[in-house]
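Line by line, the protein sequences give chains A and B.
Numbering follows our numbering, with no gaps: position 365 of the first sequence is 365.
Numbering follows our numbering, with no gaps: position 165 of the second sequence is 165.
Hints were generated in silico from the structure; no laboratory data involved.
Keep in mind the model is a prediction, meaning the values are calculated, not measured.
Using N, Cα and C, we set each Cβ at its ideal position, and we do this for glycine too.
Be aware that a few hints might be false.
One-sided excerpt, in silico: chain B residues whose CB lies under 7 Å from chain A [what the hints assert, rightly or not]: (1) Asp-87; (2) Val-280; (3) Ala-303; (4) Ile-306; (5) Ala-307; (6) Ala-325; (7) Ile-326.
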Amino acid sequence: MSNPKTIAVAMSGGVDSSTVAAVLRAEGHNVIGLTMQLWNQRRLAGHEGMPEAVQGRCCSLDDVYDARRVAETIGIPYYVVNHEQRFEDEVVRPFVQEYLSGRTPIPCSLCNNHLKFDQLLLVAQQIGADHLATGHYARVEFDAKRDRWLLKRPADTSKDQTYFLFGLTQEQLSRTLFPLGALTKPEVRALARQHGLALAEKPDSQEICFVPGGDYKRFLDAYLEEQGEALPDTAGELVTTGGDVVGEHHGIHNFTVGQRKGLGVATGSPLYVIQIKGDTRQVVVGNSDELYSDTLRVRRTNLIACAELDQPLRVTVKIRHRHEPAPATIEATGGDEIVVKFDQAQRAITPGQAAVFYDDDVVVGGGWIA
Amino acid sequence: MQRVYFDNNATTPVLPEVFEAMRPYYGEHFGNASSIHHHGQETRAAVERARESVAELVGCRSSEIVFTSGGTEGDNLAIFGLATEGDHVITSTIEHHAVLNACKRLEAMGCEVTYIPVDGRGLVDPAEVRRGVRSNTKLISIMMANNETGVLQPVGEIGKIAAEAEIYFHTDAVQAAGKVAIDVKQIGCDLLSISGHKMNAPQGAGALFVRKGTILQPMLYGGSHERSRRAGTENVPGIVGLGRAAEIAKDALNDGSIANIEQMRDRLQQMLSSLEAAGVNGDGAPRVPNTTNIYFDHIEGEALVIALDLKGLAVSTGAACSSGAIEPSHVLTAMGLRAERARASIRFSLGKQNTEEEVEFALALVPDTVARLRELSPVYKKEALSQ
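Generate coordinates for the entire structure from the input sequences, incorporating the hints supplied.
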């Protein structure tokens, strides 16, 4: 290697980030492994509805053990850094608050914005690393013509994680490496085997890391109980789009836009949650057609491919992680708000989720659906 | 890369002469110290010689020494050996987790526990201990020297209070042993725990002084080892190492080697605490001669520890949790440090193997590293701009 760099690798104990560390090390870089301790699973263990023993994956000792073994195998220094307080402030509390306000949050984006590419990147710089590398499936490159760092979809579009990365700033992108951006998952596993990593066959994780079994309702209960706060009473009416009251519900946090089951209302045709009104605690239900809408607004926008949006722009827009980007026109309306007008109405636009704008494989930017 | 180890309060290297003393007990002298034959007699004699050396270090009779696996076991044996449901126990907020978490368990078992706070220097006020005494107080457990700051507690005065009130007094002397003179009669304690690996003996060997006549409920049931106070075949090599280390530690108090450590610590402390926005935690209190805990405002101690380790200097901050991540220090927090300063604090603890040249290595490294961390600190930038 003619130009070895000092690179910190965010290691989760999974195959992807472990392979990143192994590959960069093999390329001759000076690699430092870092794992973030974000959440103490023991805190809620044993609370009602939560597992007695620690079961979830976030910051589990098993994952730290795996990451440490990889670091030892490939011969790099490795450290666990504690960001529990920040994680609780910036990710867990907003997660709870969003549900209680009738929205459906994405904690992974918050974690990327406030922890991984903020606090961890800072630690990386402080300990002398020029870059932070992660196991995300995405690409970052500098476009000299625009004088901007670009975030792009990866070669393996089935693993595309750019949806969770739309909040990255130019400064963050300039210090970030995504070495898996050009690879497919099978290729990554093959590399892991090639580098002798014992965890090459470890299954992928999918669930929200701090919510055991993905049961967010039980998590809300247990977390609020631990905080000594009662679950706020958000019970209210089930109403139709026409305003007729058709029943009652036990709390708006139990609902997500597009949800069909569990409404407790018997009618001829299937009913869906169309809208959750946080202020009046009403859950609006309707038929499948009423789930479709062709317009949405995002706030707290972050633009990546350009500094500002001075005229309407044709893009494709993704409104949830597993959503095929749909053609739309975006237009800034002042402040940090952007209006998205789809060519064709989209199903179940969900407040609290992100809308991410693409120009082919380039992430133009994104924001939080209001 | 040159590696300098300034984390001797975490553990110390086994001294070569200690290792030499232990070596035969892994090989030719392998007997079970309880066996009646020649092999057993050989190791029994070695164990009892070590017991005498340890007794001499703390100023007690050898029959009053119980060998343990280390500090945690000694603390647990003292606490659970005496306190039962309905008893009241007094301890402090700055104890090691071996005492604090044992006391938490006592509370779950139906005991009451009073946690005496400390002042800004990290000192327990004996008058507070006296005020904490109740009719059902069974035990006072206050450490002799704190592991994070090195602050020496007024154990002699607390011993008098305990004696007057006829309450058992245990002191965790893990961080004092080998650093300052220990005399259980002067302290007036009934129990005192030490750990081998904090004083150049191997990990896995420790001792608990139990004053004659103190009846302890054992924690391990089995054979009648250690006068039925601690069942289980003796860790003979470890005990032999602890005995040899105790002899060396006793000599070191008078032969100038501890004084030498103190001189090195003082230079390190003086230079580092004179940096901008830095200072000594526990300043103004008596402290063990090898430890200094210094805050460098506007940095994250965690990042400083990692940055220094990558350059070859091993120091520490707070206590590590099971993943290895650093938890906020309960000791510094109890001293009233705000969270930011507690997180910006680093412990340097020296040992017998350290040299003046290593102190210079640290002095060449730490100020630059602190400066770089501050340059990258968003908080520091903001405060610098506002001035």
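**OP:** Let me know if the C-beta of Ile-326(B) comes in closer than 7 Å to any C-beta of chain A, holds or violated.
**Re:** With a closest approach of 5 Å, the Ile-326(B) hint holds.
Subject >> Hint status (Cβ of Ile-306(B) to nearest Cβ of chain A, threshold 7 Å) >> reply: Cβ of Ile-306(B) sits 5 Å from chain A, so the hint holds.
Original post:
Given Ala-325(B) was flagged as interface, is its beta-carbon under 7 Å from a beta-carbon of chain A?
Top reply: This hint holds: Ala-325(B) lies near chain A, its Cβ roughly 4 Å from the closest one there, short of 7 Å.
Subject >> Evaluation of the interface hint that places Asp-87(B) against chain A, nearest CB under 7 Å >> reply: Where the cut-off is 7 Å and the nearest Cβ of chain A is about 27 Å from Asp-87(B), the hint is violated.
**OP:** Using 7 Å as the Cβ threshold, decide whether Ala-303(B) counts as touching chain A.
**Re:** 4 Å, holds
Original post:
Can we keep the Ala-307(B) interface hint, with Cβ of chain A closer than 7 Å?
Top reply: With a closest approach of 5 Å, the Ala-307(B) hint holds.
Subject >> Status of the Val-280(B) interface restraint (C-beta, 7 Å, chain A) >> reply: 23 Å, violated
Of the numbered hints given earlier, the model fails hints 1 and 2; all others are met.
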